[in-house]
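J.: Here's the letter readout for the chains.
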Amino acid sequence: MSDDRSTPWSGYSPAQAWDEAMDVHGDVREPYQRVYSEIDRMSGDDLYSKAEALASSYLAQGVTFDHAGEERPFPLDIVPRVVGADEWDVIAPGIAQRVRTLEAFLADVYGSQHCVTDGVVPRRLIASSQYFYRAVHGVDPANGVRVHVSGIDLVRDQHSIWRVLEDNVRVPSGVSYVLSNRRAMSQMYPDMFGAMGVRPVLEYSQRLRSALAKAAPEGVDDPTIVVLTPGVFNSAYYEHSLLARTMGVQLVEGRDLETLNGRVYMRTTAGRRRVDVIYRRVDDDYLDPVQFRPDSALGAPGIVQAARLGNVTIANAIGNGVADDKLIYTYMPDLTRYYLGEEPILPIVDTWRLEEKEAREEVLDRLNELVVKPVDGSGGKGVVIGTKASKEELEATRKQILEDPRGWIAQPVIQLSTVPTLTETGLEPRHVDLRPFAINDGDDVWVLPGGLTRVALQKGQLIVNSSQGGGSKDTWVLGGVRHRGTVVPPPESKVELEGVASVPQDAHPEDWAHGQQQQQQQQQRDAGEVSGS
Amino acid sequence: MSTLRIEHRTRFTYGSEIVSSYNEARLTPAWLPRQRVLDSKVEIEPSTWRTTYRDYWETDVVAFEVLQPHAALTVVGTSIVEVSPLRAREERVSWGDIQGPRFQDLLCEYLGNTPTTEPTEELAAFAEDAAGRLSPDLTARSICDMLHERIAYVPGATSVHTPATDAWEKKSGVCQDLAHLAIGALRHVGIPARYVSGYLHPKRDAEIGESVAGESHAWVEWWTGDWHGFDPTNDREVSDHHVIVGRGREYRDVPPLTGVVAGETTGLDVRVTVTQTA
Numbered sequence: 001m002s003d004d005r006s007t008p009w010s011g012y013s014p015a016q017a018w019d020e021a022m023d024v025h026g027d028v029r030e031p032y033q034r035v036y037s038e039i040d041r042m043s044g045d046d047l048y049s050k051a052e053a054l055a056s057s058y059l060a061q062g063v064t065f066d067h068a069g070e071e072r073p074f075p076l077d078i079v080p081r082v083v084g085a086d087e088w089d090v091i092a093p094g095i096a097q098r099v100r101t102l103e104a105f106l107a108d109v110y111g112s113q114h115c116v117t118d119g120v121v122p123r124r125l126i127a128s129s130q131y132f133y134r135a136v137h138g139v140d141p142a143n144g145v146r147v148h149v150s151g152i153d154l155v156r157d158q159h160s161i162w163r164v165l166e167d168n169v170r171v172p173s174g175v176s177y178v179l180s181n182r183r184a185m186s187q188m189y190p191d192m193f194g195a196m197g198v199r200p201v202l203e204y205s206q207r208l209r210s211a212l213a214k215a216a217p218e219g220v221d222d223p224t225i226v227v228l229t230p231g232v233f234n235s236a237y238y239e240h241s242l243l244a245r246t247m248g249v250q251l252v253e254g255r256d257l258e259t260l261n262g263r264v265y266m267r268t269t270a271g272r273r274r275v276d277v278i279y280r281r282v283d284d285d286y287l288d289p290v291q292f293r294p295d296s297a298l299g300a301p302g303i304v305q306a307a308r309l310g311n312v313t314i315a316n317a318i319g320n321g322v323a324d325d326k327l328i329y330t331y332m333p334d335l336t337r338y339y340l341g342e343e344p345i346l347p348i349v350d351t352w353r354l355e356e357k358e359a360r361e362e363v364l365d366r367l368n369e370l371v372v373k374p375v376d377g378s379g380g381k382g383v384v385i386g387t388k389a390s391k392e393e394l395e396a397t398r399k400q401i402l403e404d405p406r407g408w409i410a411q412p413v414i415q416l417s418t419v420p421t422l423t424e425t426g427l428e429p430r431h432v433d434l435r436p437f438a439i440n441d442g443d444d445v446w447v448l449p450g451g452l453t454r455v456a457l458q459k460g461q462l463i464v465n466s467s468q469g470g471g472s473k474d475t476w477v478l479g480g481v482r483h484r485g486t487v488v489p490p491p492e493s494k495v496e497l498e499g500v501a502s503v504p505q506d507a508h509p510e511d512w513a514h515g516q517q518q519q520q521q522q523q524q525r526d527a528g529e530v531s532g533s
Numbered sequence: 001m002s003t004l005r006i007e008h009r010t011r012f013t014y015g016s017e018i019v020s021s022y023n024e025a026r027l028t029p030a031w032l033p034r035q036r037v038l039d040s041k042v043e044i045e046p047s048t049w050r051t052t053y054r055d056y057w058e059t060d061v062v063a064f065e066v067l068q069p070h071a072a073l074t075v076v077g078t079s080i081v082e083v084s085p086l087r088a089r090e091e092r093v094s095w096g097d098i099q100g101p102r103f104q105d106l107l108c109e110y111l112g113n114t115p116t117t118e119p120t121e122e123l124a125a126f127a128e129d130a131a132g133r134l135s136p137d138l139t140a141r142s143i144c145d146m147l148h149e150r151i152a153y154v155p156g157a158t159s160v161h162t163p164a165t166d167a168w169e170k171k172s173g174v175c176q177d178l179a180h181l182a183i184g185a186l187r188h189v190g191i192p193a194r195y196v197s198g199y200l201h202p203k204r205d206a207e208i209g210e211s212v213a214g215e216s217h218a219w220v221e222w223w224t225g226d227w228h229g230f231d232p233t234n235d236r237e238v239s240d241h242h243v244i245v246g247r248g249r250e251y252r253d254v255p256p257l258t259g260v261v262a263g264e265t266t267g268l269d270v271r272v273t274v275t276q277t278a
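Those protein sequence lines, which keep their order, are chains A and B.
Residues in the first sequence are numbered from 1 upward in steps of one, following the working numbering.
Residues in the second sequence are numbered from 1 upward in steps of one, following the working numbering.
Here chain B stands alone, though its shape is the one from the complex:
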């Protein structure tokens, strides 16, 4: 078990003074059996009005307006989260169960590919081949292993709106791309898969109290009787260093910050700082 303090700071600067902006922030970690949110706040400067709600994907959202002249906007999400390591699960299901009509219908949202997650023919063929030989869990694992080997992690190689196929062709991408690629391949062979947005403490053996530069991160969960989290970017199981904010079909369902601003954004600075406090 670890206790992590996460600060996610975003600063926008504008070409000229902005008088109206409407936004949504998804920066609050979820309350889950594996993680307890000891404290969480979102600070917005300037802000004229805010409210919160829980969206369809059960992510906590801060909706806010800035209706006063401003040349910059700062949004800081700060949370303290206690994360338990995952317990290995006993119950597995076979291909027959997963592909039966009941689960295919109940989990249909995590089975259909979108233009963002649609796999290339090559990736689809790889997934089919694995599924022909291996159990559902091992198939999923082998897809993630292959992606980790094949796709180089290159920050800035793609944007959050890049379809998975582009990253595959470029053989490089960021965590969103790895997650979208894995999701596309998993769904292609009928394994329900979802996109997870959150944070990762990058140092495995972090000192207590040491603040390190972290990142807003993304990984996947697949369903083989229960949801199983895996981080294809780092090719490892989700651990007590992973903090979940939200889950959805793809990035678009759980973006950290979205909004509409009447004006041009000229600067954007994002910093995530993670500290293990216990």
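Here chain A stands alone, though its shape is the one from the complex:
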């Protein structure tokens, strides 16, 4: 490193956060050795032209993210994030344990609520959650699974400790970026994957398909699975179509489905076909106008009743949001002990519940040094970082907290770990988080090795969500099969993911017309309108 040759690493130096590639003495950490030397062999110009090649290959795939209503490319950084096998051996079981806890909690919430009678969680907390859906009380999923897919967000703090930041068990998105990132990166660094033993990710779709098949209603041997999308105008449509294609199942919209005799069917050119499992990417409120929003045409009337009768499986289950509420988050360590009899493997971030008077007073005193978050938000929406907020913003936050203490939590500012990232001024440390994806098939919770690493592209920016204008990195988990010498396995770009290259234009010829006139004529009827004495 001390040679006089200038490399992309010249001048790279970690700031006060934990840098995952380099320690404070400038020594490269073990997992990054190979990546370091690969980049070290290049000139700065080489690296930039590689980044450009990556960007254009990535753009060609059509990967974008909806930011403030505008489709933007979701930049993929040229430097991968590397996670050592020993770290992953803690993270993966930690995520799996988390998912098992969330499953147990949801089964309890929509069943007999022992956690309330045993005094673990206040009843008020469940009853006041806007995501506690009473309409699915007593709906028992076929193989007991409600959290078929989850995205458990992790951060690594300044002491290198991995912590859970939030759980996403409603309709977690982002896995398509993981698949696309890998495809693009394996073209950039064809030799490194085998040589480093990077664990593959592209089996995700087959894992998901198999988990969905296992969740099918009882007695259905060869289930028909569909992916239900709100349509082409949804910001995650790319992901919906990608998953449907790579699983080899139909991509449908609400208008393609109908319920008949308490069963769900899809309309096909060959007539009605029974649907057994719906991997839905439509929010709860829009799934069934009989139960929820009467004006929604994105789901199908009667779907909830079909699920109640065990005639169809909805994945993820309706009502999961009660478990990823940020107030429930504060009870998760207790819930792990209560349901599993285990100590939590991954700690959470210390959190104040603002409903509690003492906590509230302390937080209001220290607003300028804490992070305040809405309990039902995701994607960094509504988050106020005290150290960066203006006086007016802090005052507005104080008012909001006092008006609705149930609606807010506070946490200390966490210095998220950094990873070298290519910027206009060369490689610099940038803050990252990680969303690993887990699939629960009822027997096992499988954690996709890696996950979506989101990177805050602006210097010092701590919110890394894609919805806040961040970018992403390919996440390499080590510990897979290593290949040395001439035996090079096919890079992942060549495997499985046929047809990923672009957003399909021909999924539904009528897509465009349909979007404009989506609302079928529906009317909620209410006999009580004129009744009553």
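There's no promise every hint is true.
[Said to hold, decoys possible] Incomplete in silico selection of chain B near chain A, CB under 8 angstroms:
#1 GLU24
#2 TRP49
#3 TYR53
#4 ALA63
#5 GLY112
#6 LEU138
Treat the hints as calculated values from the structure; they're not laboratory data.
Where is the CB? At the ideal position from N, CA and C, for every residue including glycine.
Please arrange chain B on chain A, whose structure you already have, making use of the hints.
T.: Just chain B, lined up with the frame of chain A:
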């Protein structure tokens, strides 16, 4: 004790032929210590498929589909129910007990106001004043008495979706409004309160066998150690003339008929007939 036969008939007519409709009917009286359901059925014409389930609020629901062309839909709920008069309860609880953390948590669903039940400032002030002077039961009673005096019962004055505040400003409403207003005021002072959907035999001294026009009715129950039913519309205790179908936080939790129909409803006719048979 009385035995009541209730027939609740609803007929929808449509502007054009409807080919699909999905609905839920909450017309089946609940099995309770105070009432035995001797017989109950829900008839739907036309209907292509139906099923039943018990919902979160423990109300029996008939879910049904009509997937054939039809220009009208008739739903008739018929029940025979034996209702016992309520026994006066001995055990009462004080303000301290009700407002303690245990009951406040267990009964939290019946303590939070919604946009429908939220009381006006004036109503809230009345409730606070009563609570400052009286026991929980007497506070509840005085709220209901006041509402009965102040709000005129005017059929059609409001719809089931009218927030309580509107009825208060208009000084008129129907039984749902009286119930929502009472619930809002009770919850405001920390008394758990719930909405009851059911039927009332309107004649106090009904002849056996005489069929009278009744109504789908609503009243309240408040919790002061036990649930206590009271009918603010008629300003009287719930008697063996009241039949309970379901209970919830507000009307929205126990609507008699809801559904989604692809088309326009042009006519709606609701008739409730009550007969005391014993």
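J.: Each hint should be assessed against the structure and marked as holding or not.
T.: To see whether the hints hold, each was checked on the structure:
1. GLU24: holds (7 angstroms)
2. TRP49: TRP49 (chain B) check passes; min Cβ-Cβ to chain A is 4 angstroms, inside 8 angstroms.
3. TYR53: holds (6 angstroms)
4. ALA63: Holds, because the Cβ-Cβ distance from ALA63 (chain B) to chain A comes to roughly 5 angstroms (cut-off 8 angstroms).
5. GLY112: For GLY112 (chain B), the interface hint holds, since the closest Cβ of chain A sits about 7 angstroms away, which is under 8 angstroms.
6. LEU138: violated (26 angstroms)
Violated hint for the displayed structure: number 6, the only one.
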